[in-house]
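From first to last, the protein sequence lines stand for chains A and Z. Heads up: the first sequence begins at 1 in the working numbering, then just goes up one per residue. Heads up: the second sequence begins at 1 in the working numbering, then just goes up one per residue.
Hints are computed from structural coordinates only; laboratory data are not their basis. Given the structure is predicted, the values throughout are model-derived calculations rather than measurements. A hint or two may mislead.
The calculated label-pair distances, taken between Cβ atoms and stated as ranges, are [to be verified]:
| no. | chain 1 | residue 1 | chain 2 | residue 2 | range |
| --- | --- | --- | --- | --- | --- |
| 1 | Z | Glu173 | A | Gly276 | 50 to 60 Å |
| 2 | Z | Arg28 | A | Arg16 | 54 to 64 Å |
| 3 | Z | Glu173 | A | Ala265 | 57 to 67 Å |
| 4 | Z | Arg103 | A | Asp106 | 17 to 27 Å |
All residues carry an ideal CB built from backbone N, CA and C; glycine is no exception.
Protein chains: 2
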Amino acid sequence: MDFPSELRRQAAVVERGLDQYLPPADTRPARLHEAMRYSLQAGGKRLRPVLVLATADLFAAQLGAALPAAVAIECLHTYSLIHDDLPCMDNDDLRRGQPTAHRQFDEATALLAGDALLTHAFALLAESYAAQPVLAHALIRELADAAGSRRLIGGQMADLLAEKKDATPAELEFIHLNKTAAMIEAALVLGGLVGGADAAAIATLRRAGHELGLAFQIMDDVLDATADRATLGKTPGKDAKAGKTTFVKLHGLATSRQLAQAHSAAARAAFHELPGDTAFLIALVDSLVIRSS
Amino acid sequence: MDFPSELRRQAAVVERGLDQYLPPADTRPARLHEAMRYSLQAGGKRLRPVLVLATADLFAAQLGAALPAAVAIECLHTYSLIHDDLPCMDNDDLRRGQPTAHRQFDEATALLAGDALLTHAFALLAESYAAQPVLAHALIRELADAAGSRRLIGGQMADLLAEKKDATPAELEFIHLNKTAAMIEAALVLGGLVGGADAAAIATLRRAGHELGLAFQIMDDVLDATADRATLGKTPGKDAKAGKTTFVKLHGLATSRQLAQAHSAAARAAFHELPGDTAFLIALVDSLVIRSS
Numbered sequence: 001m002d003f004p005s006e007l008r009r010q011a012a013v014v015e016r017g018l019d020q021y022l023p024p025a026d027t028r029p030a031r032l033h034e035a036m037r038y039s040l041q042a043g044g045k046r047l048r049p050v051l052v053l054a055t056a057d058l059f060a061a062q063l064g065a066a067l068p069a070a071v072a073i074e075c076l077h078t079y080s081l082i083h084d085d086l087p088c089m090d091n092d093d094l095r096r097g098q099p100t101a102h103r104q105f106d107e108a109t110a111l112l113a114g115d116a117l118l119t120h121a122f123a124l125l126a127e128s129y130a131a132q133p134v135l136a137h138a139l140i141r142e143l144a145d146a147a148g149s150r151r152l153i154g155g156q157m158a159d160l161l162a163e164k165k166d167a168t169p170a171e172l173e174f175i176h177l178n179k180t181a182a183m184i185e186a187a188l189v190l191g192g193l194v195g196g197a198d199a200a201a202i203a204t205l206r207r208a209g210h211e212l213g214l215a216f217q218i219m220d221d222v223l224d225a226t227a228d229r230a231t232l233g234k235t236p237g238k239d240a241k242a243g244k245t246t247f248v249k250l251h252g253l254a255t256s257r258q259l260a261q262a263h264s265a266a267a268r269a270a271f272h273e274l275p276g277d278t279a280f281l282i283a284l285v286d287s288l289v290i291r292s293s
Numbered sequence: 001m002d003f004p005s006e007l008r009r010q011a012a013v014v015e016r017g018l019d020q021y022l023p024p025a026d027t028r029p030a031r032l033h034e035a036m037r038y039s040l041q042a043g044g045k046r047l048r049p050v051l052v053l054a055t056a057d058l059f060a061a062q063l064g065a066a067l068p069a070a071v072a073i074e075c076l077h078t079y080s081l082i083h084d085d086l087p088c089m090d091n092d093d094l095r096r097g098q099p100t101a102h103r104q105f106d107e108a109t110a111l112l113a114g115d116a117l118l119t120h121a122f123a124l125l126a127e128s129y130a131a132q133p134v135l136a137h138a139l140i141r142e143l144a145d146a147a148g149s150r151r152l153i154g155g156q157m158a159d160l161l162a163e164k165k166d167a168t169p170a171e172l173e174f175i176h177l178n179k180t181a182a183m184i185e186a187a188l189v190l191g192g193l194v195g196g197a198d199a200a201a202i203a204t205l206r207r208a209g210h211e212l213g214l215a216f217q218i219m220d221d222v223l224d225a226t227a228d229r230a231t232l233g234k235t236p237g238k239d240a241k242a243g244k245t246t247f248v249k250l251h252g253l254a255t256s257r258q259l260a261q262a263h264s265a266a267a268r269a270a271f272h273e274l275p276g277d278t279a280f281l282i283a284l285v286d287s288l289v290i291r292s293s
């Protein structure tokens, strides 16, 4: 398998899916639908939707069957970025090298576009899997839990609170587990559900997602501390500037890199327990801990 | 039937349901869960959840079966109020006679509490109706459509855009149909689905919701133009102040009141087509067009 070309192929499938499964840009009111598409189409790694597709592949799911779930999770991820960038949150001007939604449009439009992408994630799952309501229900339950107040949003809240004081290692772990790992876990589980994975395989996918999510977030902290704006495509050094506790601040750069390696090794080990050809997923894990952006 | 005492009884059931079906206030992170409960518990008419319960009653659904759907729609409605009150939207200090969420907490917490209530609406439906995945799927699909970018959020966006220029009667109708009527329609349809209503009854409920939603919104415009702050429990006259086009501005007070009466008569007529004892629902319609807040 040629990993870079396979990754490009899967990401291209995701791009087409985003276009296919979002309301057209001229849907009334057009400004709202333009803003939804603007943020979704700003690029990025498409990590979560590619994980959905690659995991569904392991269980020999048809591509068409997995694509709406992949798009739904990217809608949900993009909503969280739009709201996270707002002035009352991180107040960021740049995302993926482009003006953030509230800079390109305005704050109210960005707020509503985020709300709309969150809602669309559930509407899309309900609509696309309507012929299989048991599957639709399982997908929605998984995504709603991962995105809820105990997980994704709870992680965002804890992250905000951590700006005001030094976070303990346990608090930082809560943030990483929920702000980042929750959606990576959900991506793998959605892929497994679409593929018809059994309960044991779903549990393994959840464990792989947990480890991969932690590895990914620690590398994000490392990159925030070391990369430049052009490479990163967003404002670097903002965690340090905000006085945020990061893995790098708690453990130093070298130990953070080692921790990321340990978590990625655990993710690889979990993938090895799964059926099918896991070469692509394992190469994806490797690429995330040696990335530069 | 004694309408006021029956309304109080149903609203009390909703209050208990809100407490029962929300994560405890000390759930980590506590500030987020406190803010979710603060906004939900600020009172209000509980119109939408009472409509869910009353409609399910028509079809002889057990109260326990309808309550999670009632709570879910109130979570969704409350999220839309929290976000609508934010500084970048209506910038309101007062809601139901109490400080708005961003005044009581802060803007970021209010934003996240809104996101969390929206997500919780879907999580709660998925969880509470897990033993009936076909019903869970139908409820989620209905709510996600009503809350989406073409309906509730589309109505909010159109409402914002209408502040910048004079809205035409057609634009104002789009706003009312989506910003207000969509969730009232959804409340009746959710109640019908929980009660096992057939497709014809669901279509009648949708029509009743459409008419009731328009009647309700026109009366809101009338009250905004005529009531005082103490009676209304929120800042009155803000539509006029914002230069917003309202039914009152387009048609005058007397004609607006007549239009509200016409739509409420159409809602009553639709309810009369339904099985069961519709006396409570019809009294509720009547109460909404003679209300003072």
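A quick look at each hint next to the structure:
Restraint check, glutamate 173 of chain Z to glycine 276 of chain A: a C-beta distance of roughly 53 Å satisfies the suggested window 50 to 60 Å. Hint check: arginine 28 of chain Z to arginine 16 of chain A, Cβ distance near 40 Å, so the stated range 54 to 64 Å is violated. Restraint check, glutamate 173 of chain Z to alanine 265 of chain A: a C-beta distance of roughly 60 Å satisfies the suggested window 57 to 67 Å. The hint said 17 to 27 Å for the Cβ distance between arginine 103 of chain Z and aspartate 106 of chain A, and at roughly 22 Å that hint holds.
Hint compliance for this structure: hint 2 is the single one not met.
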